[in-house]
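Whole structure, please, built from the sequences with the hints as guidance.
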Amino acid sequence: MIAPFELHFMSRALTEIVLLALICGPVSVFVYARRLSFVSDALTHTVFPGVVIGFVAGGLEGVFIGALVAALLTAVVLTVLTRGARVSDDTATAVVLTAMFSIGVVLVSRRSSYTSDLTSFLFGRLLTVTPHQIAETAVLAAVVLVALLIGARAMIFRTFDPAGAAAAGYRIAWIDLWLNVIVALVVVAAVRAVGTILVVALLIVPAAAARMVTDRLAVMAVLGTVLIAGVGYAGLLLSWTASLSYGVALTSASSVVLLLVAAYLLLIPVRLIRDRRRGSPPPVPERNSAHELVG
Amino acid sequence: MTLALRYAGVSLGYQGRAVLTDVNLELRAGQRLALVGPNGAGKSTLIKSMLGLVPVLRGEAEVLGGERGRAGYVPQTDTLDADFPISVRRVVMMGRYRRIGWWRPARTEDRRAVAEALDRVGLADRASHRFGTLSGGQRQRVLLARAIAAEPRLLLLDEPFNGVDVVSQEAIVRVLRELSADGAALVVSTHDFAVARELADLVCLLNGRQWAVGPPAETLTAGPLRRTYGGSVVDLDNDMVLIEP
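Protein sequence lines, in the order shown, are assigned to chains A and B. Counted from 1, the first sequence has number 212 at position 212 by UniProt numbering; the numbering is strictly sequential. Counted from 1, the second sequence has number 94 at position 94 by UniProt numbering; the numbering is strictly sequential.
Read the hints as simulated data drawn from the structure, not as lab findings. Heads up, some of the hints might be wrong.
[Claimed, not checked] Quick list of in silico lysine to any residue cross-link-like pairs, SDA-like style, CA-CA up to 25 Å: (1) B:LYS48 / A:GLY59; (2) B:LYS48 / B:ASP78; (3) B:LYS48 / B:GLY30; (4) B:LYS48 / A:LEU177; (5) B:LYS48 / A:LEU81; (6) B:LYS48 / B:ARG99; (7) B:LYS48 / A:ARG34; (8) B:LYS48 / B:SER11; (9) B:LYS48 / B:ARG70; (10) B:LYS48 / B:ARG209; (11) B:LYS48 / B:GLU151; (12) B:LYS48 / B:GLU67; (13) B:LYS48 / B:LEU64; (14) B:LYS48 / A:ILE175; (15) B:LYS48 / A:ALA166; (16) B:LYS48 / A:ALA163; (17) B:LYS48 / B:ALA212; (18) B:LYS48 / B:GLY65; (19) B:LYS48 / B:ALA8; (20) B:LYS48 / B:ARG98; (21) B:LYS48 / B:SER128; (22) B:LYS48 / A:TYR170; (23) B:LYS48 / A:VAL80; (24) B:LYS48 / A:TRP174; (25) B:LYS48 / A:LEU140; (26) B:LYS48 / B:ARG96; (27) B:LYS48 / A:ARG153; (28) B:LYS48 / B:PRO216; (29) B:LYS48 / A:PRO162; (30) B:LYS48 / B:ASP182; (31) B:LYS48 / B:GLN15; (32) B:LYS48 / A:VAL226; (33) B:LYS48 / A:ALA173; (34) B:LYS48 / B:ARG6; (35) B:LYS48 / A:LEU149; (36) B:LYS48 / A:ASP215; (37) B:LYS48 / A:ILE172; (38) B:LYS48 / B:ARG17.
Right, here's the structure in full:
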């Protein structure tokens, strides 16, 4: 169970996953509570052209800067577009998502190694993570955790009761930008290891799974982290065993995500049992006074 | 006496278009004002303007002599997500967030204020329950406790009695009376005449504009109500009932 991780590339992959677990766990709680699944999905796609431009300009090392610039730009654009509900959140997000993703595809198709590049951008290269990349992920993780710590209180208030938060003097648009930037940074941190498509699973599934077993935000964050780290370990082991013992080429990132989704599905009955045991809250008695005839 | 609110010839609206005009109000510390009018009359708009969330298009509006931060707000509970994983205690603690700051942990005095506020609305035993598991009336009382925890000088409540059971309504009315006795000014929007009569020293009749302001005995009468609602009013034992036109 431990032997495969004595190999450098396996232990590096595990380190990378654990670092990502530390930030994806807590951030996924906000993505879940704010119902930002689609925004996260959009961010993972809009980072794509940044990744490609970065790669063309500076090779593998350029990917990081390219992704960072594209992600921050998207975070700002999405915040501005959805502010004051001038455009519906979904419409604005969809337009930005598709536009940026197609730019990425056009850019990548100009290269000769088109398909192999595309695959690695979409699904990541978990097993070829370098110590330098791990260091970058660690720095980003630290930044994200500090940003979460500073913003958590305001973001929880804004998520639960936007009108109340605004009334208390919070600037809603700035809080939204704060969270969008945090999500953007997580996407940048994770994109090389697990790819643009699979990042979104790490941002959505952990909190949704944890919500099945707890009613507390802090516990959700911790459970989400433990879950990612757990399936990270198990997923790496699974793909290792599958390819060595059975000759099945199972990419490590996709086996991690498959196990994550499996964990989610296994927890659904837990939620159902909890709901049944608790029963639904008592219905509110209707008031029928003559005074309510008005309007 | 300090003035909590002073509105003189105020028009309110969004993007230059007025939705409420001719607001002239003065509310002193310790007074209770009811905003009465049909749905869409501008009651919420007026409350939001007191919080600085709706721009004043014309006239002069002064809130707490410029100290708007001391105004507390109680939203309607059905605007909140009942599935949100959050405890009653934490909801009330939100009332202290501006004092605590962005990331510092809550102090003993914050926790004490939260416990006292919950005790005041009679929900001390529910502190660790999830907010969404409470009844509508209890949730409304939690939101009131949150506003109390902020120690406001002006308390604004948006339809606090909508869908609220009798026990909770009585608890809310009792707490509101205590708060105003302690010197807080209150603004309560409602479309329930009986509640307005029971609770308020001052009633403001709204429907696109301010139609009347004054004590309940002068405003909740057939004439002003007919002018405000544009319908017919039936006087049942001194209790006004409105028949839609």
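Evaluated hints:
1. B:LYS48 / A:GLY59: Violated, because 53 Å separates the two Cα atoms, which is more than 25 Å.
2. B:LYS48 / B:ASP78: This hinted pair holds, its Cα atoms lying about 17 Å apart.
3. B:LYS48 / B:GLY30: 20 Å, holds
4. B:LYS48 / A:LEU177: Holds - the C-alpha atoms of A:LEU177 and B:LYS48 are around 23 Å apart, at most 25 Å.
5. B:LYS48 / A:LEU81: 23 Å, holds
6. B:LYS48 / B:ARG99: 22 Å, holds
7. B:LYS48 / A:ARG34: 23 Å, holds
8. B:LYS48 / B:SER11: 13 Å, holds
9. B:LYS48 / B:ARG70: It holds: about 14 Å lies between the C-alpha atoms, which stays within 25 Å.
10. B:LYS48 / B:ARG209: 16 Å, holds
11. B:LYS48 / B:GLU151: 19 Å, holds
12. B:LYS48 / B:GLU67: 15 Å, holds
13. B:LYS48 / B:LEU64: 15 Å, holds
14. B:LYS48 / A:ILE175: Answer holds: B:LYS48 to A:ILE175 is near 20 Å, not above 25 Å.
15. B:LYS48 / A:ALA166: Measuring from Cα to Cα gives roughly 10 Å; hence the hint holds.
16. B:LYS48 / A:ALA163: 9 Å, holds
17. B:LYS48 / B:ALA212: At roughly 20 Å apart (the allowed maximum being 25 Å), B:ALA212 and B:LYS48 satisfy the hint.
18. B:LYS48 / B:GLY65: 17 Å, holds
19. B:LYS48 / B:ALA8: Distance of about 17 Å is within 25 Å: holds.
20. B:LYS48 / B:ARG98: Status holds; Cα separation ~19 Å.
21. B:LYS48 / B:SER128: 31 Å, violated
22. B:LYS48 / A:TYR170: Holds, at about 14 Å.
23. B:LYS48 / A:VAL80: 23 Å, holds
24. B:LYS48 / A:TRP174: 20 Å, holds
25. B:LYS48 / A:LEU140: Outside the cut-off at roughly 39 Å; violated.
26. B:LYS48 / B:ARG96: 20 Å, holds
27. B:LYS48 / A:ARG153: Judged against 25 Å, a Cα distance of about 23 Å means the pair holds.
28. B:LYS48 / B:PRO216: Cα-Cα ~23 Å, so holds.
29. B:LYS48 / A:PRO162: 13 Å, holds
30. B:LYS48 / B:ASP182: 24 Å, holds
31. B:LYS48 / B:GLN15: 15 Å, holds
32. B:LYS48 / A:VAL226: Violated, because 43 Å separates the two Cα atoms, which is more than 25 Å.
33. B:LYS48 / A:ALA173: OK: B:LYS48 and A:ALA173 at ~17 Å, within 25 Å.
34. B:LYS48 / B:ARG6: 15 Å, holds
35. B:LYS48 / A:LEU149: Roughly 30 Å separates the two Cα atoms, so the pair is violated.
36. B:LYS48 / A:ASP215: Not satisfied, since the Cα-Cα distance of roughly 32 Å exceeds 25 Å.
37. B:LYS48 / A:ILE172: Holds, because 15 Å separates the two Cα atoms, which is no more than 25 Å.
38. B:LYS48 / B:ARG17: 16 Å, holds
Violated hints, listed in ascending order, are 1, 21, 25, 32, 35 and 36; each of the other numbered hints is respected by the structure.
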